[in-house]
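Protein chains: 2
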Amino acid sequence: MSVADNQWLNKVNWSESGLVAVVVQDDVSSVVLMMAWMNREALLRTVETGEAVYWSRSRKKLWRKGEQSGHVQKVRDIRLDCDGDAILLRVEQLGGIACHTGRRDCFFQRLDDRQWVTVEPVLKDPAEIYHE
Amino acid sequence: MSVADNQWLNKVNWSESGLVAVVVQDDVSSVVLMMAWMNREALLRTVETGEAVYWSRSRKKLWRKGEQSGHVQKVRDIRLDCDGDAILLRVEQLGGIACHTGRRDCFFQRLDDRQWVTVEPVLKDPAEIYHE
Chain U
-17 MSVADNQWLN KVNWSESGLV AVVVQDDVSS VVLMMAWMNR EALLRTVETG
33 EAVYWSRSRK KLWRKGEQSG HVQKVRDIRL DCDGDAILLR VEQLGGIACH
83 TGRRDCFFQR LDDRQWVTVE PVLKDPAEIY HE
Chain P
-17 MSVADNQWLN KVNWSESGLV AVVVQDDVSS VVLMMAWMNR EALLRTVETG
33 EAVYWSRSRK KLWRKGEQSG HVQKVRDIRL DCDGDAILLR VEQLGGIACH
83 TGRRDCFFQR LDDRQWVTVE PVLKDPAEIY HE
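Quick mapping for you: the protein sequence lines, in order, are chains U and P. Numbering follows this note's numbering, with no gaps: position 70 of the first sequence is 52. Numbering follows this note's numbering, with no gaps: position 4 of the second sequence is -14.
If you are wondering where the hints come from, they were derived from the structure by calculation, not from laboratory data. Computed from a predicted structure; not experimentally measured. Any given hint might turn out to be false.
The list cannot tell twin chains apart, which means a pair is met if one copy fits it or any two copies do.
[As the list claims (entries may be wrong)] With a cut-off of at most 20 Å between alpha-carbon atoms, the simulated SDA-like pairs for lysine to any residue come out as follows: (1) K106 x V57; (2) K42 x S(-3); (3) K42 x D8; (4) K43 x S(-1); (5) K106 x W19; (6) K106 x W(-4); (7) K(-7) x Y112; (8) K56 x V104.
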């Protein structure tokens, strides 16, 4: 089935650069793990494989979450918001680590008296996660 | 205090158009309520007032959430992600309705067999929420 055949993909309000914002939430704990971006192909592959695939804006390529780290996200639920420009993924986070810093989630800096304070521990050294 | 004086604002990785993505989560239920955008002034006002202020990309102006509906968001926690381009707000959602459609949250369309299916009820008729 080609990308063009997928009517449901046309319901997404893709940005001028062909992307949609994706909020990723742990399906068990409800912790918000990260925010990422998808293009049509990333969303299609996510649905086809049941594992999260994103578009890396910095590397300008598709990125299967966990391809290097093993921290794959098994997709449990996919939601679209009212104006179609944001998606919410509920996932099972393999390894319990979503962030490339080795933390549970990416939102580990809390604003405290007008300073960003790191409030979550590193669970695994990134050097161990991303070894050659 | 002027916007320029706020060093913590410079830690945010503002987009070319001066915005940062904001994920809004209910502080009690952990439901992801909506996604929105802030510019520097919106974030500053949010911090100063303790109530969520966003930048409306469609109307191109600041927008205090609830200014018309009364569905104000009292901010309980503000987090910044690892690469600084997404913020997570945990809020108390007054009225229990975050979406302009009158639903609890904006992510009410679930992908089910490649169709977006509305799975959350309207709690209050928008005509009642946004009366003149």
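Violating hint indices (sorted, rising) | Per hint list: 1, 3, 5, 6, 7 and 8 violated.
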